[in-house]
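Following the hints, complete the assembly by docking chain B onto the known chain A.
2 protein chains.
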Amino acid sequence: MRLGLLATALGGGLFMAFAAARADEGMWTFNHFPAAKIQETYGFEPSPQWLDHLRMASLRLPRGCSAAFVSPTGLVQTNHHCARDCLQQLSSPARDLVQEGFYAARQEDEVKCPDVEANQLVGITDVTPQVREAVAGREGTDYGRALREVLAKLQRDCAGGDEAIRCDVVELYRGGVYDVYKYRRYQDVRLVFAPEEDIAFFGGDPDNFEFPRYDLDIAFLRVYDGTGAPLNTQATYFAYAPREAREGELVFTSGNPGTTERLDTVAELEYDRDVVLPESLVYLAELRGLLLQFSAEGAEHARVAFAKLFAVENAYKARLGQFRALVNPGLIDGHRRAENELRAKVAADPQVQQRFGDPWAAIAQAVAHYRAVADRMEVVEEGRGPQSDLFAYARLLVRAAEQRQLPDIKRFQEFTEAGFPFTRQRLLANTPISADLEKVLLRAWLVQLRRVLGPDDPLVRDVLGAQTADRMASDLVDRTRLADPAERKRLLAGGIEAIKNSHDPLIRFAQEVDKQALAIRRDVEVNVEAVERRNAGAIAQVLFAAKGTDAYPDATFSPRVSYGIVKGYEENGRPVRYYTTMGEAYGRATGAKPLALPPSWLRARSAVDPLRKLNMVSTNDIVRGNSGSPVINTDGQLVGIIFDGNSQSLGGDFGFDEATNRAVWVSVGAVKEALANIYGTTRLSRELGL
Amino acid sequence: MRLGLLATALGGGLFMAFAAARADEGMWTFNHFPAAKIQETYGFEPSPQWLDHLRMASLRLPRGCSAAFVSPTGLVQTNHHCARDCLQQLSSPARDLVQEGFYAARQEDEVKCPDVEANQLVGITDVTPQVREAVAGREGTDYGRALREVLAKLQRDCAGGDEAIRCDVVELYRGGVYDVYKYRRYQDVRLVFAPEEDIAFFGGDPDNFEFPRYDLDIAFLRVYDGTGAPLNTQATYFAYAPREAREGELVFTSGNPGTTERLDTVAELEYDRDVVLPESLVYLAELRGLLLQFSAEGAEHARVAFAKLFAVENAYKARLGQFRALVNPGLIDGHRRAENELRAKVAADPQVQQRFGDPWAAIAQAVAHYRAVADRMEVVEEGRGPQSDLFAYARLLVRAAEQRQLPDIKRFQEFTEAGFPFTRQRLLANTPISADLEKVLLRAWLVQLRRVLGPDDPLVRDVLGAQTADRMASDLVDRTRLADPAERKRLLAGGIEAIKNSHDPLIRFAQEVDKQALAIRRDVEVNVEAVERRNAGAIAQVLFAAKGTDAYPDATFSPRVSYGIVKGYEENGRPVRYYTTMGEAYGRATGAKPLALPPSWLRARSAVDPLRKLNMVSTNDIVRGNSGSPVINTDGQLVGIIFDGNSQSLGGDFGFDEATNRAVWVSVGAVKEALANIYGTTRLSRELGL
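Same order as they appear, the protein sequences are chains A and B.
So the first sequence is numbered by my numbering: it starts at 113 and just counts up by one.
So the second sequence is numbered by my numbering: it starts at 113 and just counts up by one.
One thing to keep in mind: the hints can contain errors.
Intra- or inter-copy, both count: the list cannot distinguish identical chains.
Straight-line C-alpha distance at most 30 Å; calculated DSS-like pairs for lysine-lysine [to be verified]:
| no. | residue 1 | residue 2 |
| --- | --- | --- |
| 1 | 784 | 522 |
| 2 | 705 | 627 |
| 3 | 601 | 224 |
| 4 | 627 | 429 |
| 5 | 627 | 224 |
| 6 | 659 | 601 |
Simulated from the structure, these hints should not be mistaken for lab results.
None of these values were measured; they are calculated from a predicted model.
This is chain A alone, in the form it adopts within the complex (with noise of 0.2 Å):
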């Protein structure tokens, strides 16, 4: 189980990932890769240096993306979808440069992107015993502060004070492993290229997540150092290689998949299929619509919610997969399998069910009780919470007020020394807001706060008593400042006596709010949360004891190797290539959107080779974190950029099926093919040595 609506929620056979995984299966770390079984099967033994410069010429994206270095001096690509919101902030009523992109010339018109940060893993370190010892016998409310106390020290002691160092304690297995990984942090990001919207997500909506595509879903950065000068990377980046990949070539993807349940139990299973899965959907299908009918009121509406709506139809397919997948009752079933499997392996061993006792019961409780909390939960702290910019910042200037008087082991991950380099950036970024676009969110907000908490409830009474939401959501928005980052800047620095003084109506709204909020949330850390870490951290220990630790944990939005071949597929009986053509993308598209072809790609007809592979797939194992990750061939040279899985890879955060789920990327030679015949980008074409 994941909670809310931003952490996904879906995984196959227990057994799978923590048996000897199967096939290409696998989301590896770099500490533990099965580089033995690569060349036993593939005849390619990847070396300890080769994965280093893999680690080092990769990059995580935190808003849910990965990228790559590919130049000596700093550039990154990454895809079109995880430039768009820095496109949109770019952009302006004159000029829309998520429709039209973006080409800057000359380096000096490269534009910093107002709120990307870029991480670069540069050492792992396992901190299990520490992390063990500090929750030694605890349980309930002392185990979860004592859990999150030594995690904060451990990821401070790691920074050492220095903001350009970024360290995550990852939580591998559920619990079972404890690993600092330490980054260096990049916050001068600027925006070099990107195509039009149109080719990027030829197709749109209807084509998400479905193979044969045809998308050119690419877009380059450049990372720049605290001098101001292009970042150098002349030891850390990937060369384009100079041939497209082949059918049944060996190809390895380094990125950051963002959460799979692969090894959850089947009470969390069961609870994302009944609760969190539809629960997610019919919030999402609602805002789709909503935002469907905002953009159709106008050019300048359908641009300022444009991300805002990508963002929800990629969430709602995404998870609608994961839904298909969950119902399929086989799914279920094996997991319940494997489960009843080890339960009864531990019920036969009276020493070790002594030192566990039932950590699948434990589950289950902690299941229960987050069931009759969610609503609200989701609500009023995350998941279905407001979608609202201006809201957001409200509530992290009330937060960072609050928790920054803390000692920092105390405080939220958001907000200590390690995490709140990010959470400055993103409230100080100087980020174009939308008015109306603000009191269409918060409104739906404020409708659905009511529609699940009940007319009666006390926090619905207070802030919604004698108005309704849409003069209220109107009232905020028009009387707030905090659309202004001065007024943010300076109520940061004032910290809590600013927040006290202040007269903002939203900063009052947020400091309501955050009262219920804050109380539901220390409930599910202590009574789901903490539960559900101990618990899993003992079945990960059961399952090490019986099968070794020679496997891969679910994924954490951390830094994975996966390994794979090029390769097409079976649907319905019928093959799937494994790649698609530029000529073919022509031949598709009809002129209306989502199937029209902008006019650069129109004129440039003539001239563009129509058998140059656009799209490839692969059996990479792959889920959503991973748009954007460089896809290398053997000899460390990329071939293509993941943008997307199939529709069947949406199982993925449960299983995985070699037969069927695929990665799918954008290959070297269609970017090459695009930059010099369509797009004519000289001086990023010489960068890219093409």
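The following block gives chain B in isolation, referenced to the frame of chain A:
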């Protein structure tokens, strides 16, 4: 399983329905009423005359509601929400009858509702032997055709060509019994009185399906006879009871519960849980988002979308309750145990097995077949189809032209001699059309069509190829002439030739869509519906053999009687009183929707008895379709009008739990009080004998 969205989807234990129903459970037919059991439990035995009076004073409103005669001169009482379509159709930008209410101070002020029909059940005939004979030995297509033909013939024979008579064959026990229900049909129904929306639906969507509740959800209509005079109902009406109902009092309700699935197989219930309900919920949620935003665009948009938004929110909340009931693992497990027991009985008896085979497996196969085609069926034919009124007209006209050429017994139900008068009334009614709203609904459907079928589907390519959904919807709505009832009348009268020669773009478009729609509908009729019917009928016969017929059938939107007592219940450990008062409504009002009382109520506050009971609950077993049902005491007098069930009752599609399931109704005492002291409706109060 029910197909699509409009038909609903929810059932407790198989045994609950078939074993002697427990306690007050049951939606009983008039011809198999458990009078002796009631005598035994409550000491009152409804006589045949008492039941005849109940039947003749009750009405069905075929759009999904119930009603009753309440005066000797054709006065009808139902819910405000059952008259909402009429109120909206009679409104204009200048005068919003939904919000403002309506009162005809003189008889000549009563206004005809454009498309309301009322049905009065005058006779029931068992035709099971004729049906069995007609389908004996048939399978597949052949079975489906034979069944349709014999049903059409029986209906036609019953009505004898008299349009004032409507005959429906009602399939009871899922095909165990076939009865012909003969109704008197009234199509001249006029509006007499409705209160304001703010009190009819006080608490709005958040309070819908909740109790305690504070709604005056009533409306008065009047049936006129063929001569244009009020219908003489001297012998067939319910007098208002002189005193309100008391706690513990035995009460009856006579109405038309829509659908229940208490006899469905496990395969069907799982399909509902995994597919039908979640897919309906997300469809409705998106529609809600669209309509909420459309309504926020201005007062006139809010007005024209009001009835549709209510319908969508109401359906959404009902389905959410059904879904939550179904994911409760106990529910389906209970059905499974009962089903396994019955299957074991069949397996143990070679003769029975020889006769029936394995009907459960056959139904599971039909469900699997439907699963594969459901998306297409529902998006092009029904369920998640277009919500546009103009498109509905176009499709009805196209189909009517083709179908009316066929022999009566070959037509779809809505085009048979028996069904057509209602269809025609709907087609020709002079109801206002909002072009803005039509465009939104049509666009949403086109977007969904592409999303579900994919951009490469031939229909999508033909229909949407080089246009955006937005442009296409606008063009169709701007260019069609079907908003004009005279044009619809002309096309209907002109038959197949008029349709062939029509250049109306919406007619052309409907023809295009209908090619696919009819093909898929035929496939589903043959491979799903016919299989389910045949095998559900077989299961019913097994059940009759095992347990007798002393039980009620699933609801089929035909007249039923349920009995129960006025009684509170417990919720989360605290008692819920059986009534609310008018004074409490005043106390709860905040002045802002959805807790705003209308000006009439605010003005009259000092004149209103605060202790007057407003809403009451009783243990009567009801579901959707029972809205507007009269609640009757043992003297046959009216004590209330049902308008809702509590949230616990939403699982009623699958079973009945007397501990918490409650019917919610307006007490007649509150109606008297409001008419006398708030609305001053002297003429109406006098007619009611108050």
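Each hint, compared with the structure:
1. 784 - 522: This pair counts as neither: shortest intra-copy Cα distance 50 Å, inter-copy 62 Å.
2. 705 - 627: Between copies only: 25 Å across chains, 46 Å inside a chain, cut-off 30 Å.
3. 601 - 224: within (19 Å within a copy, 64 Å between copies)
4. 627 - 429: between (34 Å within a copy, 29 Å between copies)
5. 627 - 224: Cα proximity of residue 627 and residue 224: none, with 37 Å in one copy and 54 Å across.
6. 659 - 601: neither (53 Å within a copy, 76 Å between copies)
Against the hints set out earlier in the document, violations occur for numbers 1, 5 and 6.
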